[in-house]
Amino acid sequence: MNAQNLKGKNWSARKVDTTYIVSVQDKASIVESLTDFVNSQHIQAGEVTGIGAVNEATLRFFTPSTKSYVDKTFKEQMEVTNVSGNVSEIEGKLMLHLHITLGREDYTALAGHLLDAKIRGAAEFIFYPLNTKVVKTKNEEVGLNFYDFEK
Numbered sequence: 009m010n011a012q013n014l015k016g017k018n019w020s021a022r023k024v025d026t027t028y029i030v031s032v033q034d035k036a037s038i039v040e041s042l043t044d045f046v047n048s049q050h051i052q053a054g055e056v057t058g059i060g061a062v063n064e065a066t067l068r069f070f071t072p073s074t075k076s077y078v079d080k081t082f083k084e085q086m087e088v089t090n091v092s093g094n095v096s097e098i099e100g101k102l103m104l105h106l107h108i109t110l111g112r113e114d115y116t117a118l119a120g121h122l123l124d125a126k127i128r129g130a131a132e133f134i135f136y137p138l139n140t141k142v143v144k145t146k147n148e149e150v151g152l153n154f155y156d157f158e159k
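According to the numbering used here, the residues represented by the sequence shown are 9 to 159, in order.
These aren't lab readings, by the way, just hints derived from the structure by calculation. Do not take every clue at face value.
Unchecked claim - Calculated pairs, EDC-like style, for lysine to aspartate or glutamate (alpha carbon to alpha carbon, straight line, at most 20 Å):
1. 146 / 99
2. 35 / 64
3. 146 / 156
4. 75 / 149
5. 15 / 25
6. 35 / 84
7. 144 / 158
8. 17 / 40
9. 83 / 64
10. 146 / 158
11. 17 / 44
12. 144 / 97
13. 75 / 148
14. 126 / 84
Go ahead and model the full structure; you've got the sequences and the hints to work with.
So, in structure tokens, the structure goes:
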């Protein structure tokens, strides 16, 4: 086993072979912290999954008829039962595309595209990098970014 410990802005990690185990600090932004992580490790493509707890989250929901997103912020303590997503490049920048499922105190759930969330408690992620570069470009007809394997 080849292991290496790493630190960055509001995160710490252990790289084991090609996989990363990442912890995001309490009160930090998930998206800001994980974006710093992928940039510092030069991860151009891959998969991410995670769990934790937050006290604020802004979710997005895409409306195909208007080709636009509706954002909604929730300010309450919630369990992150799942974060899943990927890493790709959009317009020359490494980007995270994350979806989240949040458990509320009354045991109902919220889910959607994660715009951002603030950790309140712990946050644990696993990154599975791919040894490639993946680019997304906007499909104007649909209004979303799609993988473009020609780039």
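Results for each hint:
no., hint, verdict
1, 146 / 99, "10 Å, holds"
2, 35 / 64, "10 Å, holds"
3, 146 / 156, "9 Å, holds"
4, 75 / 149, "9 Å, holds"
5, 15 / 25, "17 Å, holds"
6, 35 / 84, "13 Å, holds"
7, 144 / 158, "10 Å, holds"
8, 17 / 40, "9 Å, holds"
9, 83 / 64, "4 Å, holds"
10, 146 / 158, "14 Å, holds"
11, 17 / 44, "7 Å, holds"
12, 144 / 97, "6 Å, holds"
13, 75 / 148, "9 Å, holds"
14, 126 / 84, "11 Å, holds"
The structure agrees with every numbered hint stated previously.
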